[in-house]
Amino acid sequence: MAETDIQAATTAKAAICSRGVTRDFKAGQQTITVLHGIDVDIRAGELTYVVGESGSGKTTLISIMCGILWPTEGEVKVFGTDIYDLSDTELVEFRLNNIGFIFQQYNLIPSIDAANNAAVPLIAQGMDRLEAREKAVAMLEKLNIGNQAGKLPSQLSGGQQQRVAIARALVHEPRLVVCDEPTAALDAASGRRVMDLLREVAVAEDRACIIVTHDNRVFDLADRILVLEDGRITHDGSEMPEGH
Amino acid sequence: MIWIAIRMLTGDAQKFYGLVFGIAFSTLLITQQLTIFVNLIERGASGTYNVSSADVWVMDPVSRTTDVNFPMPSTALDKVRGVTGVEWAVPHLRAGASVRTSEGDLEGVSVIGVDDATLIGLPKRMTVGSPDVLSQPDSVIIDDVGLTRMFEDGRSPIGERLELNDQRAVIRGVADAIPSFTSQVTLYTKYSQALRYVPGTRNRLSFVLVGAEHGVSPEELTRRIEEQTGLRARTRDEFAQDGVDFIIQNTGIPLNFGITVLLGFIVGVAIVGLTFSLFIRDNIKQFGALKAIGVTNGKIRKMVAAQAGLVGLIGYGLGVLGTVFFIWGFSGNPTFKGFYIPWQIPLISMAAVFVILALTGWLALRNVLKTEPASVFR
Numbered sequence: 000m001a002e003t004d005i006q007a008a009t010t011a012k013a014a015i016c017s018r019g020v021t022r023d024f025k026a027g028q029q030t031i032t033v034l035h036g037i038d039v040d041i042r043a044g045e046l047t048y049v050v051g052e053s054g055s056g057k058t059t060l061i062s063i064m065c066g067i068l069w070p071t072e073g074e075v076k077v078f079g080t081d082i083y084d085l086s087d088t089e090l091v092e093f094r095l096n097n098i099g100f101i102f103q104q105y106n107l108i109p110s111i112d113a114a115n116n117a118a119v120p121l122i123a124q125g126m127d128r129l130e131a132r133e134k135a136v137a138m139l140e141k142l143n144i145g146n147q148a149g150k151l152p153s154q155l156s157g158g159q160q161q162r163v164a165i166a167r168a169l170v171h172e173p174r175l176v177v178c179d180e181p182t183a184a185l186d187a188a189s190g191r192r193v194m195d196l197l198r199e200v201a202v203a204e205d206r207a208c209i210i211v212t213h214d215n216r217v218f219d220l221a222d223r224i225l226v227l228e229d230g231r232i233t234h235d236g237s238e239m240p241e242g243h
Numbered sequence: 000m001i002w003i004a005i006r007m008l009t010g011d012a013q014k015f016y017g018l019v020f021g022i023a024f025s026t027l028l029i030t031q032q033l034t035i036f037v038n039l040i041e042r043g044a045s046g047t048y049n050v051s052s053a054d055v056w057v058m059d060p061v062s063r064t065t066d067v068n069f070p071m072p073s074t075a076l077d078k079v080r081g082v083t084g085v086e087w088a089v090p091h092l093r094a095g096a097s098v099r100t101s102e103g104d105l106e107g108v109s110v111i112g113v114d115d116a117t118l119i120g121l122p123k124r125m126t127v128g129s130p131d132v133l134s135q136p137d138s139v140i141i142d143d144v145g146l147t148r149m150f151e152d153g154r155s156p157i158g159e160r161l162e163l164n165d166q167r168a169v170i171r172g173v174a175d176a177i178p179s180f181t182s183q184v185t186l187y188t189k190y191s192q193a194l195r196y197v198p199g200t201r202n203r204l205s206f207v208l209v210g211a212e213h214g215v216s217p218e219e220l221t222r223r224i225e226e227q228t229g230l231r232a233r234t235r236d237e238f239a240q241d242g243v244d245f246i247i248q249n250t251g252i253p254l255n256f257g258i259t260v261l262l263g264f265i266v267g268v269a270i271v272g273l274t275f276s277l278f279i280r281d282n283i284k285q286f287g288a289l290k291a292i293g294v295t296n297g298k299i300r301k302m303v304a305a306q307a308g309l310v311g312l313i314g315y316g317l318g319v320l321g322t323v324f325f326i327w328g329f330s331g332n333p334t335f336k337g338f339y340i341p342w343q344i345p346l347i348s349m350a351a352v353f354v355i356l357a358l359t360g361w362l363a364l365r366n367v368l369k370t371e372p373a374s375v376f377r
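From first to last, the protein sequence lines stand for chains A and B. Heads up: the first sequence runs through residues 0 to 243, numbered per numbering that gives the first Met the number 0. Heads up: the second sequence runs through residues 0 to 377, numbered per numbering that gives the first Met the number 0.
Don't take every hint at face value.
Stated by the list, open to error - Okay, the calculated beta carbon distance ranges per label pair:
1. L262/B x G125/A: 40 to 50 Å
2. G125/A x I283/B: 17 to 27 Å
3. A203/A x A269/B: 46 to 56 Å
4. T88/A x P253/B: 44 to 54 Å
5. A137/A x T9/B: 23 to 33 Å
To be verified - A few chain B residues that don't get close to chain A, going by computed Cβ distances all over 12 Å:
6. P60
7. G95
8. K123
9. M125
10. G257
As the list claims (entries may be wrong) - Straight-line distance between alpha carbons at most 20 Å, and here's what the computed SDA-like set of lysine to any residue pairs gives:
11. K14/B x S153/A
12. K298/B x F93/A
13. K369/B x G272/B
14. K150/A x A12/B
15. K301/B x A123/A
16. K298/B x E92/A
17. K369/B x L90/A
18. K284/B x L151/A
19. K284/B x E180/A
20. K150/A x Q285/B
21. K150/A x I5/B
22. K141/A x P152/A
23. K298/B x L95/A
24. K301/B x F353/B
25. K301/B x G10/B
26. K301/B x L312/B
27. K298/B x L362/B
28. K134/A x N96/A
29. K14/B x P109/A
30. K150/A x W2/B
31. K14/B x L273/B
32. K298/B x L90/A
33. K25/A x G73/A
34. K141/A x G157/A
35. K284/B x S153/A
36. K301/B x T88/A
37. K25/A x K369/B
38. K134/A x M0/B
39. K78/B x E225/B
40. K298/B x R128/A
Derived by calculation from the structure, the hints in this document are not laboratory data. Don't be surprised by glycine CBs; every beta carbon is placed ideally from N, CA and C.
Using the sequences provided together with the hints, build the complete structure.
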């Protein structure tokens, strides 16, 4: 796509513009291409799902989109910034200030309580720990687990831990939230509640939320679904295609 | 982030205590062994330190230490007295003998003959009695090693009779002396009495102890004595060092203690390295998540450094404290009498702990820095 196209796409409410994104991995002597020239825009104000079989490249795609994995070719703009043009330090700073992460395994720090876990991005930004904790408690209250703020992750249920992870992803008010299988460890009802919650808190006119999921129980909650097969986008619509 | 790093570490109690134990054990081993080593080899100089009033020791040219000496003719004393700058010079005899106690036990002892008139050659302090007791017939003063070894039952040694090379000796005092390297029992008596107790050849004078005139340095006086008498003269400090050097050169002690210190270091590296690696491995997902969120490698380095610093501080403190308690606990035992921790040794241990933590921290940190943030999505 020409430079003018990507600029136009960026300005039209696009949170992420990826153009010609290719990613190769070396496996011994072989080179495996996981993504084949992906062109896609993720729009702000939408809950976007990336769906596909295991090995289809969806995790690689969101890793590249959020600046934690370099593409072999192509470019990615996040809210207008060509993130792979940034230096390593600038990219880390960019992630810290603009992107919130929700991991499948939550990856909470086991020895600090829920509030401090949720406060990690603010502390990393240099905010005083007690002030950061106050903000984190406020976020936990917004997610209806304010009463669990002083508990260690091991004292919380899976759903509660996921909410702490969501609080951590949102506490510093990032413009992009990236989630990896956020409902994988939850029952259907909890999964739907988490997705509703994400829609409520992570999606706004100037914010985007992109979710990698296998979970067909929550497909109906998406604004947009991208289906990835063998490193190529084979479907882009508001519903899952027939046969999936 | 430092607070988070510390909580990550202390939250994993098993590994935290493992790390602290590793450093504490290593510090204890290094500090305690170096302390014993230094104090033990300084015992090689105890004979010199016990005679604090002598500025210069004069001896036969082949003599090397207070215990390795070759007797001189008694005329050596007059020769030394004739040297300009000598304020006083007194005879000093050191020889081995066997003593039979009233119970019939046989004990090897060191007999030291001090000047009859001035009693120069006696240790400065007495535990029981006073130096004047030597003016009584057949008097000897025993050191506290002898007190412990020959009077284990706790009875008073004063008035006890000994058979010293077929001569009668009566203990009339106990000297507060630094034990010798071999912790041999020492008996002090007058020079004239010592000549009777220790039969030998014509030449019996082991050393001449010399005091320098005011304004004459011991170094200058040794030079003059050597030039004018042909004898060997050493200042007090030089002769003390000779005693230490003799032990270093003629025993396997430095090597053996060196091996133990090295083992302490290796054990420290092994325990701390292994535990630190396990800790990092168990937390690698959390570190990966922090990197993805936006924590720089620089901050991660500071986090690991803070963890290592905390472990080092506590472990080192406990190790040094352990050594202090060890030395304090054994201070009543004559073998450890006068032992102290030279200030350089805690610094050496601190340097060793720093190297252990820097090495193991660096190895552990490599895994964290190598972790791609993207790995948290896998």
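With a cut-off of 20 Å on the C-alpha distance, tell me whether K298/B and L362/B pass.
Holds: K298/B and L362/B sit about 17 Å apart, inside 20 Å.
| Straight-line alpha-carbon gap K150/A to I5/B, limit 20 Å | Given pair K150/A, I5/B holds - Cα atoms ~18 Å apart, limit 20 Å.
**Asked** Given the hinted pair K301/B and F353/B, is their alpha-carbon gap at most 20 Å?
**Response** holds, 15 Å
Given the hinted pair K298/B and L95/A, is their Cα-Cα distance within 20 Å?
Holds: K298/B and L95/A sit about 13 Å apart, inside 20 Å.
Exercise. Take a quick look at whether K150/A and Q285/B sit within 20 Å of each other, Cα to Cα.
Key: Within the cut-off at roughly 18 Å; holds.
> Is the nearest CB of chain A more than 12 Å from the CB of P60/B?
Replying inline: The assertion about P60/B holds, with a minimum of 71 Å to chain A.
Practice task
For the pair supplied as a hint, K301/B and T88/A, confirm whether the alpha-carbon distance does not exceed 20 Å.
Solution key: holds, 16 Å
* For the pair we were handed, K134/A and M0/B, check the Cα-Cα distance against 20 Å. => holds, 17 Å
Quiz item: Going straight from one Cα to the other, do K298/B and E92/A come out at no more than 20 Å?
Solution: holds, 12 Å
Check your understanding: Is the Cα-Cα distance between K14/B and S153/A 20 Å or less?
Key -> OK: K14/B and S153/A at ~18 Å, within 20 Å.
Practice problem: Below or equal to 20 Å on CA atoms is what counts here, so check K150/A against A12/B. | Solution: holds, 18 Å
Within a Cα-Cα threshold of 20 Å, do K141/A and G157/A meet the stated pairing?
The hint holds at about 18 Å.
When each numbered hint is compared with the structure, no violation occurs for any of them.
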